[in-house]
Every structure is written in C-alpha cells, then in structure tokens.
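Visitor: Go by the hints and put chain B onto chain A.
These protein sequence lines are chains A and B, in that order. Numbering-wise (this note's numbering), the first sequence opens with residue 1 and increments by one. Numbering-wise (this note's numbering), the second sequence opens with residue 1001 and increments by one.
What the hints contain is simulated information worked out from the structure, not anything from laboratory work. Careful, some of the hints might be misleading.
Not the full set, but computed from the structure, chain A residues with beta-carbon under 8 angstroms of chain B [to be verified]: (1) Leu-73; (2) Ser-77; (3) Tyr-106; (4) Gln-141; (5) Ile-328.
Since this is a predicted model, take the numbers as computed values, not measurements. The C-beta atom is built at its ideal place from N, Cα and C for all residues, glycine as well.
Here's the letter readout for the chains.
2 protein chains.
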Amino acid sequence: MQTGSLLTPSTLDEFTRCLRQLPGEKFFVLCDSNTWHHCFPVVVDSFSERPCHVHIIPAGEQYKQPETLLGILHELSQQSFQRNDVLVNLGGGTVSDIGGLAAALYQRGMPYVNLPTTLLAMADAAHGGKTAVDFNGIKNQIGAIWFPTQTIVYQRFLQTLPIRELKAGYVEVLKQSLLAGKKAWRQASRRSPETLMKEPEIIHEAARFKMRIVRKDPYDRDLRQILNLGHTIGHAIEAWSLQQKEGPLLHGEAVALGLMAEMRLACALTDLDTNFANEVNRIMTRFIHAPVPPVAAIDDLLRLMLHDKKNRGAAVRFSLLARPGKAITGVSAGEDRIRAALEETLTGIHTLP
Amino acid sequence: MQTGSLLTPSTLDEFTRCLRQLPGEKFFVLCDSNTWHHCFPVVVDSFSERPCHVHIIPAGEQYKQPETLLGILHELSQQSFQRNDVLVNLGGGTVSDIGGLAAALYQRGMPYVNLPTTLLAMADAAHGGKTAVDFNGIKNQIGAIWFPTQTIVYQRFLQTLPIRELKAGYVEVLKQSLLAGKKAWRQASRRSPETLMKEPEIIHEAARFKMRIVRKDPYDRDLRQILNLGHTIGHAIEAWSLQQKEGPLLHGEAVALGLMAEMRLACALTDLDTNFANEVNRIMTRFIHAPVPPVAAIDDLLRLMLHDKKNRGAAVRFSLLARPGKAITGVSAGEDRIRAALEETLTGIHTLP
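Extracted from the complex, chain A is given alone in its bound form (with noise of 0.2 angstroms):
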C-alpha cells in the first residue's frame, strides 16, 4: 500500500519547485475561505502552466458535512474531472478531510496532495489517509482510508495563522512526542508554538513520526490506534463543543482536554506514573480553552462517546500511555472509571486560580 511521500520544503523557491513537479495533467484545487485569500497567492503561478480550476468551501468545521462534499463531487464533475486528474486540497485537516474524501469517492478513486496550512494539518491531519465528514452530529462519521500521493509541509503558511489556532495544533505536535518517547517529549513540551517558524523540525518530527506509524498500520487495524491517545474523550468533549453557544472548541483544544482526563485513565489502568501524568497535565493546561465542559456536562459527554467508532458494544475503548513512548491500545473502561477520571479533571481546571 502506498501511503504517499512527505515533502518539506523550507523556501518559497524549494517550495514552487515541489508544486511544478506534481504529477498531472489538470489540478482541482480546494480552499476554504480563508486560504483562499492567504494562501492561494501563494501557489497561484505553480499552477498556471496546466489547466487548474479552484473550488471555495465555507470555512469552518462545521461545513464539514455531507452537502459540501457532495457540492464538491458535483463541481468534479460538472468540470468533466478525469480520475486521473490531481486533486490538490489548500487548507486545514477541515479541507483536507473533506477534499480526501471526495477524491476517494470521485469514480471511485483519483490521487490528491495535501498542502496543509495548518499547524494541526501539518503535523497530523494532512498524513494518513483518513477522510470524513461528520455526519448526524458525529464527528467523522461518514469517511474513507484513501491517501494523498504527497504531503507537502511549507511552515511558512503558518503566519497566516491565529495564535488561537496555533495553540490548538501543537496538542498534537505534544501528543504525537508523548507517543515517540521520553526525549521527544522532552524537546516538544520546552518549546512553544510562536517558534515553529523558526524551528520547523519539530513538525517534521511529528509528521514523520505519523507516516511511519501509518506506513506499519495503514488500513487502522492495531497499532496505529495508538494515535487516538487522548482522542476518546477529546471527540466527545468536541461533539459537546458544537452545542455550546460560547463553542465550538477546536479539535486540539478538545484533545488537550481528553489527553488530561485520559493521563487520569491511564494512571488507574495502565500504571503509569502519576508523577509523569502531573507534567503532562500541566502543560496541557496551557492549552485549553473556553468553553470547559462542567461536571453537569459528563453524562452528555458519555453519551457520546458511546457513539465513538473504537468501541465494541457497550465497554469503551481506550488507546492509553503506560510511559513515553509506549501506549496501549483496545484499554475496555468502565462508566464509572472514565466519569471519575472526567470528574478529577474538569473539577481541577474549573478551580484553577
């Protein structure tokens, strides 16, 4: 199976080079609002010497739904795409989500790339071939596994970027070190995410350390759900999010949150170091943001999380750290565990001074 190549330019020119040498003989290109005004110059002379038609989706997470996909499927094809064609999604793990799903579904299957533009997209998001939109009001509920033929990761677009988002992605910059061991972790949890233009190896660290996850499990049947370490409870507290009128929280900020409450998991379940779990916890709290589920809010929380696809039956699933660099996946969780490491959590951050 080939999960595509990594590409990680640093300049404009190394990045232009990348662009003008991608396979295909007629682009798609899908931005969101957003990059459509901040990133797309960047790339518009690329493009100009093949034929290249740009398609513009609402921004947001919550326009990742079935009508924009099949608003996008119906351009693909009112423009007379060929599945040999290139679809090049421009944005964040929204449109790169949404445009692989669209090339995985377009007469059942034309390549893509991913330039993410994204902090989240960067380093998670865009690697890995997992697309979905949400569906009913569950997060990635209708998807597929198809992947980009190249990811191609140029920090610069970061500067278009919010401090907000920012933030939120380098969760899973600190989530995938957690995954990687002691010394990444170390490196990830010292330096902040203001810097990254300056030091992109750090996202490249993170990328790499998903594509070779990916490239061992690439169709999710073991060992890479171990990156769904702190996802559990983050998707939920992200459904809970949309409902909420100071939300939606974005998908880091949820999964900073799930990441506390599943270190408490992980202390009762897989013996890891309380010590540890503290560090990581206090960290996170840098991290989150309003709206925080209360304590009212956890039967609504679990009800969601029943929903959640790593679950068989009623037990609930869990991918859990036992120390750096080693998670256990398929950890069962009772109610009464999970209520008790949410209760611990949310109760200390709504009484942070």
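Guide: Just chain B now, kept in the frame of chain A:
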C-alpha cells in the same frame, strides 16, 4: 487484499446453514421493496438469533442516488451500529452497489455480505467490491472499491424474477464467457436463461471467473478492465435510456447493445474474426429490448461516453475482444470509428425483420 469468499449452496438447508454461520454480532439487512416481499421471508429465520435491523429502500436504479445512500447511513447511525457489525445486502446490483458503498463509508468501513437475488448480481455485480451511486446524471460517478467478506449465491431466488430481468442478467453471463474462452462461450450461448434454476453451475462459473480476475487486480488498475467489455458503449446507452419515455433499459439490455457495437469496433481495431462477431451479435439480438437508440441519438451517446471514467482526455478507450478468451484493454478509438460502429449496429437492429 481480501476480496471475499464465494459460497454456492444449492438447497435451502445449505443456504440457511451459511447464513447462521455468518460472523458478526448485529446485522443491518438492506432490502428493496421487492426483495423485502419476495426474498426476506426466505432468510428471516436465519437472522432470528442475533439482533437484526431491516432497512427498505425503493426498488429501481433511479433510487441509486446520494439521498438513498445518506438515508442508509442515517439509519446505521441512529441505530448505533458499530464498525464491527455487519451489513447484509439482500437484492440485485442496485442494492449491493448502494449498500456496499454505505458499508465502505460508515465509520470509515464496516464489513458487509452480499446475498444477490438477481441473475445480474449473482453472475457479476455482487462480486468484486465495486460500489457506487449515480450522480449528476452519470452512472456510478461516486463510489469506492470495498470488498464484501462473503457473497452467497443461492439460485432459488431467481424464481422471484420477471423473465425480462432474467434475460438481461444472462447478458453478463455471456460476456463473462466471451472472456473465459471459446468453450465457455459455446456452453453459455447454447443454454437459455430459463433453465438456470436447474443448472446453476453456469452462474457459478461466471461468478468464479469474475472472482479470479478480481483477485489478480482488486483495484482495477489493468487486468480487471477486460471486464468492461461492452460496457463503455453500454453505459452510454443505459444513461441515454434513462431520458426516454419508454426507458429505462435494464443494465444487461444496454450491455447487449454495447457488446454488439463493440464487436464491430473490435473487428476494425483488434482483428476480431468477423464471423465470430456476427455469431455473437446474432445471439445478442435475443437480449435487446426497446427503446433502442435511433441513429439520430449517436451524438448524445458520444457525449455521454466522454464522461465515462475509462477515458483519458479526449480519446475514448475500450476493452475489446481479440478472440474468445482474449481481450485487449485501453484501445483508443476516435469519434468517427465509434460513430461507424454504432451506425452499423443500430441500423442493423432497426431494419431487423
């Protein structure tokens, strides 16, 4: 790549045993309004020991649309199906195409089983993992390749079929036999669809032949394209028939016409023996049905073909027979040649005594 297994029980007892041995904790059975009435009663007892939810879609290719697909996905979600549960397609090609696609997409892929109830599905459509819905007026424009874990061919379902459908399905049996070789063609072309209930071996042969090809090229990169024989023109005729007031044609009826025109093309482009082409076309005339496109519709057909996904750029590419048992894929044909083949074929039919 697991392309799924094929079971061919010949008695109701054997069939029931196959169903009871299906792995899975919970079943989602997809029927159309015909198979719900005529076929579901045959299987209902076999599913009685495990939780089973039945979802019924309207019968007919015209419902093979994104809306119907989203309806199935919504029901899977509402009923809290998990990705280790099993979707069962009880129906013809439309049901297995749309149900297979729902299985491919739900939570990024759940297992499914095909129980084909039409001859077309038993001999062809239920095997090989191609799933799709029609979109924007184009057949199978949105889809995925996602393999059933099992396909169980139980020929007694054929007694629920109108003779018109039985005849149309036999066209795929004949197509498969043309690709399998002279002996297979002799056997299939000398039998008739009416005797299949007593001689199911001929269906099993067609199914096994298709499975052999699919196993060698699951993702339709090269070899598998021989199976498109008759379908490049056939699909265009099928799409055209959707807009006619006497239409639509059944898939096999359109493919019979497609095979006839592509035999003419093959005489010109792959040196197919003219006598053999005439023999095939004589047999095929038994399977055609009104509306047959008039010569004046050829422009429309050409336009529809340019949307066909087997093409690259402006050229139309065909899989053409060179001799029984030998097809050549990717043969380019110019517009003039296709027009000539269509004119000869359609004029011939319209002047039949």
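Visitor: A separate judgement is required for each hint: does it hold in the structure or not?
Guide: A quick look at each hint next to the structure:
no.	hint	result
1	Leu-73	holds (6 angstroms)
2	Ser-77	holds (4 angstroms)
3	Tyr-106	holds (7 angstroms)
4	Gln-141	holds (6 angstroms)
5	Ile-328	violated (20 angstroms)
Checked against the numbered hints above, the structure breaks only hint 5 and satisfies the rest.
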